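Undergrad: What follows is each chain in one-letter form.
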Amino acid sequence: MKKDIYERLANAVFNLNLSLTEKVSQEIVNNNLDCRKAIFEGLVLGIKKVSNYFTKGKYFIPEVLVAAECFYKGFEILKTNLKNPLPNKGKIILAVVYGDIHDIGKNIVKLMAEMDGFQVIDLGRDCPKEKILETALKEKPVIIGLSALMTTTMLEMEKVIKLLKENNVKAKVVIGGAPTSQLFAQKIGADGYAPDAVSGIRLFNQLIK
Amino acid sequence: MIENIKVFPLVVANHAAYLTGQKESELYCDGEKLAKALLYCQNYYNYDAVIVFSDVYVEMEAMGGILSFPEDSPPIIKNYPKLIKIANPYTDGRIKEILKAATFLKKYLKNIPIFVSLKGPFSLACLLVEAEKFFIMLIEKEKKAKELINIAFENQLRYLKAILEINCIPFIGDPFASGSLISYNLFENYALPPLKELIKEAKFCGLHICGDTKNLLPLIIETKAKIISLETDIQFAKRYFPEDIYLMGSVPTDLLVNGDIFQVKEECEKEILAGGRNFILSTACDVPKYAKKENVKTLVDVGHIYKRL
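Respectively, the protein sequence lines represent chains A and B. Just so we're aligned: the first sequence equals residues 455 to 663 in the working numbering. Just so we're aligned: the second sequence equals residues -5 to 303 in the working numbering.
The shape of chain B in the complex, shown without the other chains:
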């Protein structure tokens, strides 16, 4: 089924809310509404795989964080967890809503792979305390930082197993392990080991790392993720990639908001040409809430024309 994915823009809750005319908060808190909105988006654009993602705080909330939900913007952190606990994915916070959404989509989209997004342990650890504190901890308190990452890993291992149980594919997002934020050494020391463990457990999964990852590519490949989604220039990244890894990316999300269909078409063709075999045309990161529909549609159409070649 994976071989059939040629175009897979990362359409998630906020753009789905915009496209279906709903308030974002409704989708963040209700798995069935999220699933229906994502289903609508897939039907509308006709891309080849769906990712279930609401917001970055799902796991940290389930582990004891407190959020508020403005009607039509992403959740806001009110309190970081005072006592961090390993979440039960079936009962704690909104993880169960994500699993509900994935189960619903699995039922209605039988021939389309359903991915479920979960954080890499490094990024989850960063979200459990204030990011600034976490980054300082990496340099000043290595032992404490590793303990926190281990807790995040244990949590994600449970979540990952729950995703596999419903026959969906884990898609790990590690936004704070970005090459724009941390060095090669910090990635190798802190982010890579738990990623490798999680991916080994999943056997087959996707991985998305935000930002400029040029200097991290050899380490990212070491994770052995089958699908790797990047913001980095595809032509550059392709040189490092073995043939059996599906490279995914990386139409700039800004272009979907501010560009026109001709610019999007040109960019997509450039990406496809650079990506070569086993390339999945996608967005560099999540499709922005207010991405122009015709731009997303163009991305998908260009991806499908390439499919027929």
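With the rest of the complex left out, here is chain A:
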């Protein structure tokens, strides 16, 4: 029954069924089952299947957003009964640079990074470089992820990196977003470029080794 219920939870997320995700999560809490296991063998497994479909081009942004909604809803219910803390790979700052309000990509990276064990500090969109620096100095993250969707705003990334280097911030900087590229990342002195969320998480893990 226990195994079955975690599988049902994973399938609810994978099938983008919000009400079923809520129902099964509540059932797990009500029956006093292992919520940590439910998160990893249910919610995370569901998200991994979604991410796999995303990589294969079977799921796209709307599907990922609905899966994220399912995940957060389930997590909210399960965490009330969580006994052991989740693993922590370190802090990550994520921000959409100043002048840019397109944050879907950043939100997907946030979800996947959290699932992978990183503690995400989300500075949101249209974020001034000074705020990124101030947070980096205070929180000492291992990674700073910058995103931009427009060719005009991606130039802001270079200013952020320059400011971080001037202030000796040690975190690795990864950039992403439609107009960016490996060539651009090298040019502005970023430590890495991620063409999508899945490769972004892979890169985060490589950079913290």
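Derived from the structure by calculation, the hints contain no laboratory data. Check before you lean on any hint, since a few could be wrong.
[As the list claims (entries may be wrong)] Heads up, simulated DSS-like pairs for lysine-lysine below, C-alpha to C-alpha not over 25 Å straight-line:
| id | chain 1 | residue 1 | chain 2 | residue 2 |
| --- | --- | --- | --- | --- |
| 1 | A | Lys512 | B | Lys208 |
| 2 | B | Lys90 | A | Lys641 |
| 3 | B | Lys0 | B | Lys17 |
| 4 | A | Lys592 | A | Lys613 |
| 5 | A | Lys512 | B | Lys232 |
[To be verified] These stretches of chain A come out as covered by chain B in the derived footprint (C-beta under 8 Å, 3 or more residues):
| id | stretch |
| --- | --- |
| 6 | 516 to 527 |
| 7 | 549 to 557 |
| 8 | 637 to 649 |
Note that the structure is a prediction, hence the values are computed from the model and not measured. Every residue gets a Cβ at the ideal spot worked out from N, C-alpha and C, and that includes glycine.
Using the hints, position chain B against chain A.
TA: Relative to the frame of chain A, chain B by itself:
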């Protein structure tokens, strides 16, 4: 006149502001200034057609959205429309400035086609509410999403008629209906039907879809747009295209900023070779604000050499 278009980079307001040394916001808010800057760009680079485009928020603002205009960067959304209304293209927001710019260019560039950019209804619907909310709505609230797209369609139908009235050619941009963002099924269900209707009304128009559109090509061709501009690899796309459609693209915009003239020349030659008959050499998307002038110039020059062959 369309047969004469061989090279048509998508130079729009931001690069025009850079080239003419003006603040972007001046061009976004003043049709005459936008027209003069675009005219300057056409004279400077000598490409074969002009597109009038300022920013993606023109229609959503006219429908009730509130923007702010930083001096030298694109507009920022302050509020999504609280009450969405169908805009009057002659009076509401900045649509009238776009039409003014197009009318001005039509007068001064008599032998060059003037295209006017307008959003596809799917993308406009996405801009009327927050994109994230809209994408979730597509899966969870189909009826509501379709209602929103219908409102966007009605708005764009009026705008399109106003463009046709001044004898310009509509160029529909549907950036959120991108193959990088949505699936074949969502495109077919939501983006394609209103696009087909608009294009039928226009009779002759251009269509630009951003991102990787490989999986959407059969549907994009179904729209019956006469000119189709893509970011997708031209060699791949060409296999799907009937001879009577003008395929347009797709020099990577990043190359215009970070590459040199030799790389641009090589890329253009590759595109031309792949594009074959009825190919229009262009950029994969808008020419970036800070594209190097010599790179854009090279793109146009290579396009014109090919014209003479």
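Undergrad: Now, for every hint given, state plainly whether the structure supports it.
TA: Right, here's what the structure says about each hint:
1. Lys512/A <-> Lys208/B: 13 Å, holds
2. Lys90/B <-> Lys641/A: The hint is violated at about 41 Å.
3. Lys0/B <-> Lys17/B: 30 Å, violated
4. Lys592/A <-> Lys613/A: 20 Å, holds
5. Lys512/A <-> Lys232/B: 24 Å, holds
6. 516 to 527: Our answer is that it holds, as 5 residues pass the Cβ test (under 8 Å) against chain B, meeting three.
7. 549 to 557: Our answer is that it holds, as 4 residues pass the Cβ test (under 8 Å) against chain B, meeting three.
8. 637 to 649: holds (count 3)
In this structure, the earlier hints numbered 2 and 3 are contradicted, and the remaining ones agree with it.
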